[in-house]
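K.L.:
One letter stands for each residue in the lines below.
2 protein chains.
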Amino acid sequence: MDTRLLDGRSARLAVRSGAWTGPTASLAPGYAQANFVALPSRYAFDFLLFCQRNRKACPVLDVCEAGSTAAARVAADSDVRTDIPRYRVYERGRLVAEPANLLDSWDDDYVSFLIGCSFTFEGALAAAGLPVRHVEQGRNVPMYRTDRPCAAAGPFSGELVVSMRPMPEAMVAEAYEVTGRFPEVHGAPVHAGDPAALGIRDIASPDFGDAVDIRPGEVPVFWACGVTSQAAIMNAGLERVVTHAPGHMFVTDRRDEELASM
Amino acid sequence: MDTRLLDGRSARLAVRSGAWTGPTASLAPGYAQANFVALPSRYAFDFLLFCQRNRKACPVLDVCEAGSTAAARVAADSDVRTDIPRYRVYERGRLVAEPANLLDSWDDDYVSFLIGCSFTFEGALAAAGLPVRHVEQGRNVPMYRTDRPCAAAGPFSGELVVSMRPMPEAMVAEAYEVTGRFPEVHGAPVHAGDPAALGIRDIASPDFGDAVDIRPGEVPVFWACGVTSQAAIMNAGLERVVTHAPGHMFVTDRRDEELASM
Numbered sequence: 005m006d007t008r009l010l011d012g013r014s015a016r017l018a019v020r021s022g023a024w025t026g027p028t029a030s031l032a033p034g035y036a037q038a039n040f041v042a043l044p045s046r047y048a049f050d051f052l053l054f055c056q057r058n059r060k061a062c063p064v065l066d067v068c069e070a071g072s073t074a075a076a077r078v079a080a081d082s083d084v085r086t087d088i089p090r091y092r093v094y095e096r097g098r099l100v101a102e103p104a105n106l107l108d109s110w111d112d113d114y115v116s117f118l119i120g121c122s123f124t125f126e127g128a129l130a131a132a133g134l135p136v137r138h139v140e141q142g143r144n145v146p147m148y149r150t151d152r153p154c155a156a157a158g159p160f161s162g163e164l165v166v167s168m169r170p171m172p173e174a175m176v177a178e179a180y181e182v183t184g185r186f187p188e189v190h191g192a193p194v195h196a197g198d199p200a201a202l203g204i205r206d207i208a209s210p211d212f213g214d215a216v217d218i219r220p221g222e223v224p225v226f227w228a229c230g231v232t233s234q235a236a237i238m239n240a241g242l243e244r245v246v247t248h249a250p251g252h253m254f255v256t257d258r259r260d261e262e263l264a265s266m
Numbered sequence: 005m006d007t008r009l010l011d012g013r014s015a016r017l018a019v020r021s022g023a024w025t026g027p028t029a030s031l032a033p034g035y036a037q038a039n040f041v042a043l044p045s046r047y048a049f050d051f052l053l054f055c056q057r058n059r060k061a062c063p064v065l066d067v068c069e070a071g072s073t074a075a076a077r078v079a080a081d082s083d084v085r086t087d088i089p090r091y092r093v094y095e096r097g098r099l100v101a102e103p104a105n106l107l108d109s110w111d112d113d114y115v116s117f118l119i120g121c122s123f124t125f126e127g128a129l130a131a132a133g134l135p136v137r138h139v140e141q142g143r144n145v146p147m148y149r150t151d152r153p154c155a156a157a158g159p160f161s162g163e164l165v166v167s168m169r170p171m172p173e174a175m176v177a178e179a180y181e182v183t184g185r186f187p188e189v190h191g192a193p194v195h196a197g198d199p200a201a202l203g204i205r206d207i208a209s210p211d212f213g214d215a216v217d218i219r220p221g222e223v224p225v226f227w228a229c230g231v232t233s234q235a236a237i238m239n240a241g242l243e244r245v246v247t248h249a250p251g252h253m254f255v256t257d258r259r260d261e262e263l264a265s266m
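Order-wise, the sequence lines are chains A and B. Following this note's numbering, the numbering of the first sequence begins with 5 at its first residue and continues without gaps. Following this note's numbering, the numbering of the second sequence begins with 5 at its first residue and continues without gaps.
The set of hints was computed from the structure by calculation and includes no laboratory data. Keep in mind that the hints are not guaranteed to be accurate.
[Said to hold, decoys possible] Keeping only pairs whose Cα atoms sit at most 20 Å apart, straight-line, the calculated EDC-like set for lysine to aspartate or glutamate is:
#: 1; chain 1: B; residue 1: Lys60; chain 2: B; residue 2: Glu140
#: 2; chain 1: B; residue 1: Lys60; chain 2: B; residue 2: Glu188
#: 3; chain 1: B; residue 1: Lys60; chain 2: A; residue 2: Glu163
#: 4; chain 1: B; residue 1: Lys60; chain 2: B; residue 2: Glu261
#: 5; chain 1: A; residue 1: Lys60; chain 2: A; residue 2: Glu173
#: 6; chain 1: A; residue 1: Lys60; chain 2: A; residue 2: Glu261
#: 7; chain 1: A; residue 1: Lys60; chain 2: A; residue 2: Glu188
#: 8; chain 1: B; residue 1: Lys60; chain 2: B; residue 2: Asp206
#: 9; chain 1: B; residue 1: Lys60; chain 2: A; residue 2: Glu243
#: 10; chain 1: B; residue 1: Lys60; chain 2: B; residue 2: Asp50
#: 11; chain 1: A; residue 1: Lys60; chain 2: B; residue 2: Glu262
#: 12; chain 1: B; residue 1: Lys60; chain 2: B; residue 2: Glu173
#: 13; chain 1: B; residue 1: Lys60; chain 2: A; residue 2: Asp151
#: 14; chain 1: A; residue 1: Lys60; chain 2: B; residue 2: Glu261
#: 15; chain 1: A; residue 1: Lys60; chain 2: A; residue 2: Glu163
#: 16; chain 1: A; residue 1: Lys60; chain 2: B; residue 2: Glu173
#: 17; chain 1: A; residue 1: Lys60; chain 2: A; residue 2: Asp50
#: 18; chain 1: A; residue 1: Lys60; chain 2: A; residue 2: Asp217
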């Protein structure tokens with residue numbers, strides 16, 4: 005299967021049929037991908053409020069109310085129970101299963117959230133001639149817990165999680181400019197330079213994803229990351245919550261450029 | 005009282021003490037003002053979702069969870085029950101009272117929302133030399149129901165409401181540019197030109213606020229308006245809901261320019 009030829013809908017159908025089971029980074033280039041969270045409806049207000057209060061990290065692309073599994077506003081004919089290659093089920097903060105679909109474990113009381121993902125602006129970085137090191141190196145983007153507290157909402161709280169992409173010093177300003185055009189998917193960096201300013205002790209040991217090379221003359225540049233919402237959910241220790249597995253995202257019908265500001 | 009000398013906090017204290025009882029348009033220039041809605045907590049998720057789905061019209065600046073009346077993220081030492089000069093209480097969609105405070109009628113189960121208001125970008129329009137006709141004429145901004153449906157959420161639905169400011173034809177592009185810098189408070193216009201394109205039949209008869217003069221060579225320019233949220237609430241016919249009275253807004257500590265994009 006030549007995944008470069010897939011559009012968002014075809015990518016979801018390939019996932020749903022089991023034809024595609026791996027990470028989604030190379031699927032349907034140019035179509036925005038999203039983080040996924042589903043939780044019991046009694047937590048839905050507080051979680052939506054957490055996203056609203058921390059929207060640079062947690063930009064909400066769509067919400068499926070209880071009883072609905074179609075993310076109709078961003079993905080035609082979609083079903084959030086089947087259109088992600090791998091899920092994670094947590095109970096009281098502990099990972100208990102990694103199913104390939106949720107057909108057997110869905111609860112009609114669940115409310116689902118699709119949250120923007122920085123994959124969306126990476127195409128624009130590359131198009132501008134800026135490096136996207138983890139793609140070059142065939143790795144997952146490195147992500148770090150910071151010491152910057154998020155604004156809490158109900159049981160949801162925690163620190164900001166950031167993704168990191170090294171940039172040659174002379175290209176840092178352009179990285180701010182290019183990604184600043186995508187306010188709906190994290191926007192401009194939160195920091196460039198000394199990781200210690202964010203409370204990151206060891207740049208070679210990311211908390212999520214893989215380490216990447218930082219070459220001489222390069223500066224680590226940090227963006228707010230949608231995994232912030234998953235960290236807050238883990239902290240909340242809810243009886244049950246479902247997310248996508250890292251790197252296995254929900255592919256939407258929205259073109260990356262549609263999420264750039266007008 | 006020289007209201008031009010007030011900052012946001014002093015303005016709220018003047019309102020709370022009863023020293024200021026009128027509309028807030030001239031209070032604390034440069035400080036962002038907000039629309040106010042309070043409703044029973046069981047509707048809070050759907051209403052927040054309505055705002056999220058229609059955020060060009062309904063940008064959420066702060067939310068006070070049930071049990072809280074301080075809008076701490078945008079206004080120090082604030083109390084949403086006392087810091088607005090005039091409220092409106094609706095029961096099943098009918099206006100039943102216009103109290104000067106909510107101390108006697110508050111319910112700890114209420115969740116309050118502060119929603120951005122286009123007053124915020126009017127200073128920037130004026131600073132750029134663009135006309136703000138309703139201010140020149142000492143009137144409330146004219147607002148119109150359109151035929152553009154909002155994305156619904158639970159019981160909340162309805163059509164987009166827009167505010168209108170006439171611009172000389174040669175200044176329309178600049179009006180888009182200046183207000184486009186304020187994505188958190190409605191951003192760029194939704195339309196400029198023929199009112200019929202928005203389903204507006206008679207530009208001389210606004211649905212809310214006052215008519216203003218449109219001079220020869222001027223084009224009506226339309227912005228998404230926070231009153232959209234109030235129209236959706238009226239449509240929902242909830243047993244009880246409280247809003248600010250038109251023109252009597254909540255004054256925040258946020259400078260208008262802080263709500264411009266970085």
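K.L.:
Would you mind marking each hint as holding or not holding in the structure?
P.N.:
Right, here's what the structure says about each hint:
A threshold of 20 Å between alpha carbons decides the hint, and for lysine 60(B) with glutamate 140(B) the separation of about 26 Å lies outside it, so the pair is violated. Taken as a hint, the lysine 60(B) and glutamate 188(B) pair is honoured in the structure, with Cα atoms around 8 Å apart against an allowance of 20 Å. Distance restraint check for lysine 60(B) and glutamate 163(A): the Cα-Cα separation of roughly 28 Å exceeds the 20 Å cut-off, and the hinted pair is therefore not satisfied. Note on lysine 60(B) and glutamate 261(B): the hinted pairing holds, with a Cα-Cα distance of about 18 Å set against a maximum of 20 Å.
Annotation: proposed proximity of lysine 60(A) to glutamate 173(A) is violated, straight-line Cα distance about 24 Å (limit 20 Å). In summary, the hint linking lysine 60(A) to glutamate 261(A) is supported, as the alpha carbons are separated by about 18 Å, within the 20 Å threshold. With a C-alpha separation of about 8 Å, the suggested pair lysine 60(A) and glutamate 188(A) falls inside the 20 Å cut-off, and the hint holds. For the hint linking lysine 60(B) to aspartate 206(B), the alpha-carbon distance of about 24 Å lies beyond 20 Å, and the restraint is violated.
Of the pairs offered as hints, the one joining lysine 60(B) and glutamate 243(A) is violated, with about 35 Å between alpha carbons and a cut-off of 20 Å exceeded. With a C-alpha separation of about 17 Å, the suggested pairing of lysine 60(B) with aspartate 50(B) holds against the 20 Å cut-off. Distance hint between lysine 60(A) and glutamate 262(B) is fulfilled; the C-alpha atoms sit about 15 Å from each other, no more than 20 Å. In summary, the hint linking lysine 60(B) to glutamate 173(B) is not supported, as the alpha carbons are separated by about 24 Å, beyond the 20 Å threshold.
Annotation: proposed proximity of lysine 60(B) to aspartate 151(A) is violated, straight-line Cα distance about 32 Å (limit 20 Å). The suggested pairing of lysine 60(A) with glutamate 261(B) holds, with an alpha-carbon distance near 18 Å, which does not exceed 20 Å. Annotation: proposed proximity of lysine 60(A) to glutamate 163(A) holds, straight-line Cα distance about 13 Å (limit 20 Å). Straight-line distance between C-alpha atoms of lysine 60(A) and glutamate 173(B) comes to about 36 Å, which puts the hinted pair past the 20 Å bound.
Restraint check for lysine 60(A) and aspartate 50(A): satisfied, since their Cα atoms lie roughly 17 Å apart, inside the 20 Å limit. Of the supplied pair hints, the one linking lysine 60(A) and aspartate 217(A) is violated, its CA atoms being roughly 26 Å apart against a limit of 20 Å.
Going through the hint list in order, the structure does not satisfy hints 1, 3, 5, 8, 9, 12, 13, 16, 18.
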